[in-house]
Amino acid sequence: MTGPFDEAGRFGPYGGAYVPETLVAPLEELCAAWEEVLTDASFGRELDDMLSEWAGRPTPTTFAPRLTEALGGAQVWLKREDLNHTGAHKLNNALGQALLAKRMGKRRIIAETGAGQHGVATATACARLDLDCIIYMGEVDAARQALNVYRMQLLGAEVRTVASGSRTLKDAINEALRDWVTHVDDTYYLLGSALGPHPYPTIVRELQSVIGVEARAQILRAAGRLPDVLVACVGGGSNAIGLFNAFRDDPCRMVGVEAGGEGVATGKHAARFEGGSPGVLHGTRTYLLQDGWGQVLETHSVSAGLDYPAVGPEHAWLQDQGRIEFTSATDTEALAAFHQLSELEGIIPALESSHAVAWALREVPKLPSSQLVLVNLSGRGDKDVRQVAAMEGIDLG
Amino acid sequence: MSKAFVPYLTAGYPSIEVTRALAHMLADEGADVLELGVPFTDPIADGAINQRAGQRALDAGVTPGDVLQLVKDLRADGFALPIVLFTYSNPLLQLEPLGGVSMVLVTDLPPEEAGDHIARCRAAGIDTVFLAAPTTPLERIATIAEHTTGFLYYVSSKGVTGARSELPADLEGQIERLRQFTDLPIYVGFGISTKETAARVCAVADGYVVGSAIGRVIEEAVEADADPVEAARAFVRSIDPR
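Those protein sequences? They're chains V and D, same order as listed. According to the working numbering, the stretch in the first sequence is residues 1 to 397, in order. According to the working numbering, the stretch in the second sequence is residues 1 to 242, in order.
Among the clues, some could well be false.
[Claimed, not checked] Just so you have them, the derived chain V footprint on chain D, three or more residues with Cβ under 8 Å:
#, segment
1, 35 to 44
2, 62 to 74
3, 87 to 96
4, 131 to 145
[Stated by the list, open to error] Some chain V residues well away from chain D (every beta-carbon gap over 10 Å; in silico):
#, residue
5, V159
6, D249
7, R362
Bear in mind the hints are in silico, worked out from the structure with no lab data behind them. Each residue gets a CB set at the ideal place from its N, CA and C atoms; glycine is no exception.
Generate the whole structure from the sequences, applying the supplied hints.
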């Protein structure tokens, strides 16, 4: 019998299901439903058809010639999740889970969102599948991502802003969990990243693995070989695990880039590996930013999608094992990358993805030209244009 | 067997000193067990009243260590009731030793994840209270009953902590279901705010837990510049069905 306390939900000492008793039964139900669709070919077909006919997959893997020339080191390739419908990788997971919810007979969908990308993806999937949708979003995030709030409303979702705690992503998750525990019978909690209690980290990884599966085949076809380095930004870690999963047994370096904020030394950041320690938050045991009493610390990042105090539990385990190297990029580095990719490649990256690009700007010049670096461009930056302009003192009215 | 009154206080709201006075008042008013909530930044199982109280305590600089010191001070005062530390998994990881604490209840720690916690409490002679909920399937009740000591906490309703106007229709059936698995007292909490709901709980269970309803009275007294201890005293008298 499958369940939230299965070994499958543990990543070494991380993961598990640290939840109020009321949520144990709904997690058991979710485990069983997930196991059922994994063996049901019609589910995979329905998802694949929608991903290709409606969401626009596969997304390309693009060589970045001008960036490569400017950096003068390894060749840079980009996995173009910015070209996925709704402008980010988030839809891969939202659509898959919305289909799962529909099969489970749950018509009321709730989700949290930070930057708004997961909220928009969930609202989009719910519109297409005729499901009710409520999105929880911290007040701070709703203010800096006002465009995405309106997008969700256009798509028919109700956006509930959260005024407690730090008023960012972690508080939106708190509120979504409170909603779920109150409405377990008819409600599906559509969690947006590879975190939370089992089975969410596994479900999200599997639904995002399409990124790496496509990218691996594409780069083998285009470049004739595997990349030497894979790079992705890491908030909860869904785009990173989605890319890395298909390369797990390949001899590729994997680099996760966390939000360095104003610099890890200033304390204003979201670099959980450099500045955090193991603990329990939102149902899972993982690395998190906390004080000596186990109180969760507020984070800082220019990017709302990386502004979260914990990291997915599988990342914690892969870090401990040395399989993924984690590092960070500061707000300043991310903004520089935002501009440089826009000017050199004609691609405006999301501020989240700009952290992965920032790693490339910093490290690629040190790598030999024989090497291939594949950067996961997890989302596009249209949503961030107004914020960046404001930070640079440009009044867009 | 007489029925137990189990009040809950968010430790440190409005201050550690007032919590200490509230604890003594509750003992004077016939409380049988005291639950002390450890303020935590991310209380996913708590409703608005307990969230606010915890956040204000944190804003005032209260730490889990201060809560443990409060327990020691209460014991030094001669406070004799069992004290239940009501906490979340993450602050609990940093707390030890738990001197003066009689029982620990962790809202986000099902028995399947609680191996280390149970071993530590057994070694220290501290009871481990686990919760059953309306959604708990029959086969899990045995697991919960096996690991809970002190008492079994039944969560009356689906949802977070907080006063409700009524309790679910099947409350009595749910309690009877639990009785097959345990001889321990069963206390019912979440949503009890009136003499009527407390009486209904006492008719079938062994005690009633009141948290947010007391928290609301304390909050209102603080905001009105009134004495929270006397306000809470009047309230707990008014809802005591015994």
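Now for the hints, and whether the structure bears them out:
| no. | hint | in the structure |
| --- | --- | --- |
| 1 | 35 to 44 | holds (count 5) |
| 2 | 62 to 74 | holds (count 3) |
| 3 | 87 to 96 | holds (count 8) |
| 4 | 131 to 145 | holds (count 9) |
| 5 | V159 | holds (19 Å) |
| 6 | D249 | holds (31 Å) |
| 7 | R362 | holds (33 Å) |
Violated hints: none; the structure is consistent with every hint.
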